[in-house]
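2 protein chains.
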Amino acid sequence: MGCLYGVGVGPGDPELLTLKARRVLTEVPVIFVPKKAEENESIAESIISGLALHFESKLVRIVLPMLRNKHKLQEYRQRAADMIWQHLELGQDGAFINVGDPLFYGSFIHVVKVLQSSHPETKIEIVPGVSSINAAAARAVVPLASDDENIAVLSGDQKTETIRNALEKFDTVVFMKVNTIFDRLLGILEEMNLKDKSIYVRRCTTEAEEIVRDIGRLQGDKLDYFSLLIVRK
Amino acid sequence: MGCLYGVGVGPGDPELLTLKARRVLTEVPVIFVPKKAEENESIAESIISGLALHFESKLVRIVLPMLRNKHKLQEYRQRAADMIWQHLELGQDGAFINVGDPLFYGSFIHVVKVLQSSHPETKIEIVPGVSSINAAAARAVVPLASDDENIAVLSGDQKTETIRNALEKFDTVVFMKVNTIFDRLLGILEEMNLKDKSIYVRRCTTEAEEIVRDIGRLQGDKLDYFSLLIVRK
Numbered sequence: 029m030g031c032l033y034g035v036g037v038g039p040g041d042p043e044l045l046t047l048k049a050r051r052v053l054t055e056v057p058v059i060f061v062p063k064k065a066e067e068n069e070s071i072a073e074s075i076i077s078g079l080a081l082h083f084e085s086k087l088v089r090i091v092l093p094m095l096r097n098k099h100k101l102q103e104y105r106q107r108a109a110d111m112i113w114q115h116l117e118l119g120q121d122g123a124f125i126n127v128g129d130p131l132f133y134g135s136f137i138h139v140v141k142v143l144q145s146s147h148p149e150t151k152i153e154i155v156p157g158v159s160s161i162n163a164a165a166a167r168a169v170v171p172l173a174s175d176d177e178n179i180a181v182l183s184g185d186q187k188t189e190t191i192r193n194a195l196e197k198f199d200t201v202v203f204m205k206v207n208t209i210f211d212r213l214l215g216i217l218e219e220m221n222l223k224d225k226s227i228y229v230r231r232c233t234t235e236a237e238e239i240v241r242d243i244g245r246l247q248g249d250k251l252d253y254f255s256l257l258i259v260r261k
Numbered sequence: 029m030g031c032l033y034g035v036g037v038g039p040g041d042p043e044l045l046t047l048k049a050r051r052v053l054t055e056v057p058v059i060f061v062p063k064k065a066e067e068n069e070s071i072a073e074s075i076i077s078g079l080a081l082h083f084e085s086k087l088v089r090i091v092l093p094m095l096r097n098k099h100k101l102q103e104y105r106q107r108a109a110d111m112i113w114q115h116l117e118l119g120q121d122g123a124f125i126n127v128g129d130p131l132f133y134g135s136f137i138h139v140v141k142v143l144q145s146s147h148p149e150t151k152i153e154i155v156p157g158v159s160s161i162n163a164a165a166a167r168a169v170v171p172l173a174s175d176d177e178n179i180a181v182l183s184g185d186q187k188t189e190t191i192r193n194a195l196e197k198f199d200t201v202v203f204m205k206v207n208t209i210f211d212r213l214l215g216i217l218e219e220m221n222l223k224d225k226s227i228y229v230r231r232c233t234t235e236a237e238e239i240v241r242d243i244g245r246l247q248g249d250k251l252d253y254f255s256l257l258i259v260r261k
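Chains as they are written, first to last, in the numbering used here: chain U, 29 to 261; chain L, 29 to 261.
Derived by calculation from the structure, the hints in this document are not laboratory data. These numbers were taken from a predicted model, which means no experiment stands behind them.
What follows is a set of in silico ranges between Cβ atoms, one per label pair, in the way DEER data are often shown:
#	chain 1	residue 1	chain 2	residue 2	range
1	U	E153	L	D175	22 to 32 Å
2	U	L101	L	K86	45 to 55 Å
3	L	Q144	U	Q247	29 to 39 Å
Restricting the straight-line Cα-Cα distance to at most 27 Å, the calculated cross-link-like pairs of lysine-lysine (DSS-like) are:
#	chain 1	residue 1	chain 2	residue 2
4	L	K225	U	K98
5	U	K98	U	K64
6	L	K64	L	K141
7	U	K205	L	K261
8	U	K100	U	K63
9	L	K261	U	K98
Selected chain U positions facing chain L (Cβ under 10 Å, derived; list incomplete):
#	residue
10	L47
11	V140
12	L172
Note that beta-carbon positions come from the ideal geometry of N, C-alpha and C, so glycine has one too.
For reference, chain U alone in the conformation it holds in the complex (with noise of 0.2 Å):
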């Protein structure tokens, strides 16, 4: 049986790749890249694109859509699944692509935890990668943590007390996603006093990326999915 790597590609640029991840992808005889849509580009793919290791003939596309529809998008993770196994079967190796860290808000998470349950015995191989998190700090040049500071993600959209929560109670918070709550979030930083000690990001690493502070300009405007914001106390 094939073993099924989950490989982080890091958050954009491709030489944040690691070494251990371009082995990776350079020694398996299939790579599966995770798109949103057939028409999309993948994120993932257009960063070891950038490698020019000549990946093209082993590229196996799977479609993972965003749906609320959870019976769906179960369906969609159970075909992802099903075209993995028939390769691991054989014995090929395979290697998932995730952009960021496979673990860390991944969409690997999903399509491991299927193939798990309809197959327990398949062998799994992480090879974490740089988070969007870390990229970005570095970016901003902004620490994330140090000696004994907490620090706390959020994710999505998140209700007003558990933000408030989390601003007061850690010395960096980190909204992944900030997409669909900023306006809110902009909001409640203003009356915390916090919207100076706060930095926006988005696509950190690669050539769209932007890097906010003075964030207020930024309310009303249809943000990228790709963003976050790091408040730091």
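Could you slot chain L onto chain U? The hints should help.
Just chain L now, with coordinates in the frame of chain U:
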């Protein structure tokens, strides 16, 4: 003036360096190596030695001990910053290597702070690295967070109330430097019925790696400084 690179060298396995980290370390004329004491080996140095790129001749070792005396600590950091500045001032680029990621509990944070206060004009570039959190999750094959989940990272000797609050409110809690609080933490996890959801990981991706799922057996043990606990509800 030279540029100071803060280079994350990853959690331990030399293959988890990024391509960029390896390039920068190959190109710069000086590599600053932090170590706890003159006679100690530097973990960051042992990681890059594993790459066998013959860095030896350009290493400059910097002693940064762990001290409770803040005044003494500041003296060491000032000395480190002065030593680095001597090179930058001459137009030499230098790379300060840091286990994991430089801005995530890295000693680089302190040195750069002192350097920037004496020489605000210092050019800084950070090369983010794979943090021990992502690497530990990878080795244990446990998701850190997914979808709209939240994660907290606590470090060092925290109040019981802070620990309880994090365990109640977050989907995943990671305890860094867990050696200082392990037995107390174990008691809290038992009370909250979370002991079975906890995984202890020591020196992940190195030869001394240890992953313990039955964490009760560690009670009373003297644990390693480089150990963490992932609690995934």
